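Chains as they are written, first to last, in the numbering used here: chain E, 2 to 202; chain C, 2 to 202.
By construction, these hints were calculated from the structure, which means they are not laboratory data. All figures in this text were calculated on a predicted structure; none of them were measured in a lab. Among the hints, erroneous ones may be present.
Since the list can't tell identical chains apart, any single copy or any two copies may satisfy a pair.
Here are the simulated lysine to any residue pairs, SDA-like style, with alpha carbons at most 20 Å apart [said to hold, decoys possible]: (1) Lys19 with Thr101; (2) Lys7 with Gly193; (3) Lys25 with Phe202; (4) Lys140 with Arg104; (5) Lys71 with Phe97; (6) Lys7 with Tyr137; (7) Lys7 with Phe202.
2 protein chains.
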Amino acid sequence: MSDDAKDARHQDRMQRKKAVVDQKIADAKTRRGVLLVNTGIGKGKSSAAFGVLARALGNGLSAAVVQFVKNRSGTGEEAFFRRASDIRWHVMGEGFTWETQDRERDAAAARKAWEQARVYLADASIDLVVLDELTYAFKYGWLDLDAALADLAARPPMQHVIVTGRAAPQALIDAADTVTDMDLVKHAFKAGVAAMPGMEF
Amino acid sequence: MSDDAKDARHQDRMQRKKAVVDQKIADAKTRRGVLLVNTGIGKGKSSAAFGVLARALGNGLSAAVVQFVKNRSGTGEEAFFRRASDIRWHVMGEGFTWETQDRERDAAAARKAWEQARVYLADASIDLVVLDELTYAFKYGWLDLDAALADLAARPPMQHVIVTGRAAPQALIDAADTVTDMDLVKHAFKAGVAAMPGMEF
């Protein structure tokens, strides 16, 4: 085929595609707060939440972050967001379960973190709430899933929420508007590359 | 089982898990720049890149972003990162293929964007280079994959690169250190929810 013919065929295809896309955009009229869930075993669940957080703050939205497992303040992302905005950021975990080795302490930390989360889920002046690594609280039975889902459902109608963590329970996926499963294809760590500042924390 | 027995069993399991995790961390000694690829049809590929970008900047790293498809400056994330850092940010695309409907114009834009990317890939003072939506340049044949892989391989040894976009070619996945496939479980847009500022742009 000549280049002119290729160009013409491309243009024809793209005109048809544009009609389909434009119709889909026209059909998507609802405006409301959405519940995003980033789950799966791959890298990117929390990072994607923080990327949306940057986008939201750049659009003038207000936001709050509650971290359910991490117990160390001063990560790169927290430092950056605090420098650049008046974000509410709460590091409320006790660290990985294999570090604490204490089921009751982990559960108590999760309950306290949820109380903090509920403050924001009841506050219509907060446009986006990030609940980082929340799913582990359900996986390990630290929090009651039904009660948490009820709090999420009762939040202000325009408020967005992002939940991250492996193994999101089915009821949470059912309640969500957008769900991404981040699957591990390969990871540098498995090839012997250390976790490095800026990339992993 | 009594609560005490449960607690003891939990502690025992977690002690063994900690030993495994600690060994893995001890084995991962290599320190070098990594190539991350975020691909798949789900939401989160670019967001995750921008989340790592926030983390990197928070750790004092320097960074540059080249966007290969987007043609509109002033997105939420660009606004936020510009406000908060001295980041280099280049919006160099011509928009979606079905908007331009012009194959040659799309290809020329991609070649120009790659020339900009190469400047950073040759500059050891840039710690992280984000090549957003680069994969489409290979999918549509705008760029030569082998030449691009050679440029990536020749970059400074401590420089990190993140490539995003659907349908990453196998040779790029082979060259990468960490690859996440972001799979679409569900998306609010398909349920009729409009793209909203802060969430989608």
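Structure-based check of each hint:
In the homo-oligomer, the alpha carbons of Lys19 and Thr101 lie at most 20 Å apart only across protomers (10 Å), although the nearest pairing inside one protomer, at 54 Å, exceeds that limit. Proximity of Lys7 to Gly193 under the C-alpha cut-off of 20 Å is found in neither arrangement, the shortest distances being 46 Å within a copy and 35 Å between copies. For the homomeric pair Lys25 and Phe202, the shortest alpha-carbon distance between copies (17 Å) is at most 20 Å, but the shortest distance inside one copy (38 Å) is not. Proximity of Lys140 and Arg104 under a CA criterion of 20 Å is satisfied intra-copy only: 12 Å inside one chain copy versus 49 Å between copies.
In the homo-oligomer, the alpha carbons of Lys71 and Phe97 lie at most 20 Å apart inside one protomer (7 Å), although the nearest pairing across protomers, at 39 Å, exceeds that limit. In this assembly of identical chains, the alpha carbons of Lys7 and Tyr137 lie at most 20 Å apart only when taken from different copies (18 Å versus 52 Å within one copy). In the homo-oligomer, the alpha carbons of Lys7 and Phe202 never lie at most 20 Å apart, since the shortest distance is 47 Å inside one protomer and 32 Å across protomers.
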